[in-house]
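Student: Residue strings, one per chain:
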Amino acid sequence: MPLYLLLGTIFGFVLSRSGAADYNYIQGMFLFERFQLYGIIGTAVALTAPGLWALKRFGRTATGRPIQIELKPLHRGNLVGGLLFGVGWSMAGMCPGPIFVNIGEGKLYAVAALAGALAGAGVFGTIYTRLQGRLRLPPLALDTGKA
Amino acid sequence: MPLILNHLLPVHWAIAGAAIAAVTLGLLFLANRRLGVSGGFDDVCSLLLAQPYFRSGAVRSGRQWRLPFVIGLVLGGFLSAVLGGGWKTTWELGLFDQVIGLGHAGKLAWMFAGGLFIGFGTRLAGGCTSGHGIFGLSNLELPSLITTVSFMAGGIATTQLVYRVLFHVVYFRG
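Chains as they are written, first to last, in my numbering: chain A, 1 to 147; chain B, 1 to 174.
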């Protein structure tokens, strides 16, 4: 628990000070006028990829547990949901991490973005079974209490 | 270009990217967790809603770590402000104020609408910039490549439509 809080705090601080949680830098990226966000995401992927490869080869976490990575399913929602999320990222100038960061920074409008995001996720969960067939979403495995 | 936050200058992109990689790898190596933020929306919803989706194992198993993680994100933003000139509430929104310039109520409505797209879209896609864009791409996962290309396309199209087409912004000086 304290570890997640600490890593979240570091992540939030970096997002805050890099432009990733800044409306102008997000628009600058989508306008092809600022390299900053492309540089951040590109560097993060370029360094995480070999790190992941090495960690998987090593195969164990710091406490000696076997490394387990939950893979995300492939379905039509990747395309449709990605497009919709892109519209929202542009409108709010924030992706999910920066919504929380901007609230911490004191940007009052970010609270409305969070309310919208929770409502959007709530709507999605509510109509999940109706979208399932059309978008080939995976079946739900109900919580058995063992997770 | 300074940040909106206290008009601070941002850190270099290479430093920020390296720090994000360190957090991503740290989360996996120390706690066996796959980086991802938008699942946090499900976690919060699952505290309030009881539909089958919010009772699924995939949603419930993430709560114990993702909730403290997103509280950390809020704390990180708060500390960044406190250590960088002081914390204060603000409505400042840069280019939006210069070009579109709605009042407070209009801004809240705009942000709520944007949030709806973010919440619905990320849950439908199964992840956001962190889980698909950083972790998934780094792990060479096809669904993450499709999602990342899609959200970049959606964002580029929307910003270009709003600022270039509707409001005729030629160059944004910041």
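If you are wondering where the hints come from, they were derived from the structure by calculation, not from laboratory data. Glycine included, C-beta positions come from ideal geometry on N, C-alpha and C. Accuracy of the hints is not assured; some may be wrong.
[Said to hold, decoys possible] Here are a few chain B residues that face chain A, going by a calculated C-beta distance under 8 Å:
| hint | residue |
| --- | --- |
| 1 | Phe29 |
| 2 | Gly101 |
| 3 | Leu102 |
| 4 | Gly103 |
[Stated by the list, open to error] Quick look at which bits of chain B chain A covers, simulated, 3 or more residues with Cβ under 8 Å:
| hint | stretch |
| --- | --- |
| 5 | 74–83 |
| 6 | 115–124 |
| 7 | 134–145 |
[To be verified] Incomplete in silico selection of chain B near chain A, CB under 8 Å:
| hint | residue |
| --- | --- |
| 8 | Lys88 |
| 9 | Leu93 |
| 10 | Thr159 |
| 11 | His168 |
| 12 | Val170 |
Student: Next, verify each hint and record whether it holds.
Tutor: Hints versus structure:
no.: 1; hint: Phe29; in the structure: holds (6 Å)
no.: 2; hint: Gly101; in the structure: violated (13 Å)
no.: 3; hint: Leu102; in the structure: violated (10 Å)
no.: 4; hint: Gly103; in the structure: violated (11 Å)
no.: 5; hint: 74–83; in the structure: holds (count 8)
no.: 6; hint: 115–124; in the structure: holds (count 10)
no.: 7; hint: 134–145; in the structure: holds (count 11)
no.: 8; hint: Lys88; in the structure: holds (6 Å)
no.: 9; hint: Leu93; in the structure: holds (5 Å)
no.: 10; hint: Thr159; in the structure: holds (3 Å)
no.: 11; hint: His168; in the structure: violated (13 Å)
no.: 12; hint: Val170; in the structure: violated (10 Å)
The structure fails hints 2, 3, 4, 11 and 12 (numbered hints given earlier, in ascending order).
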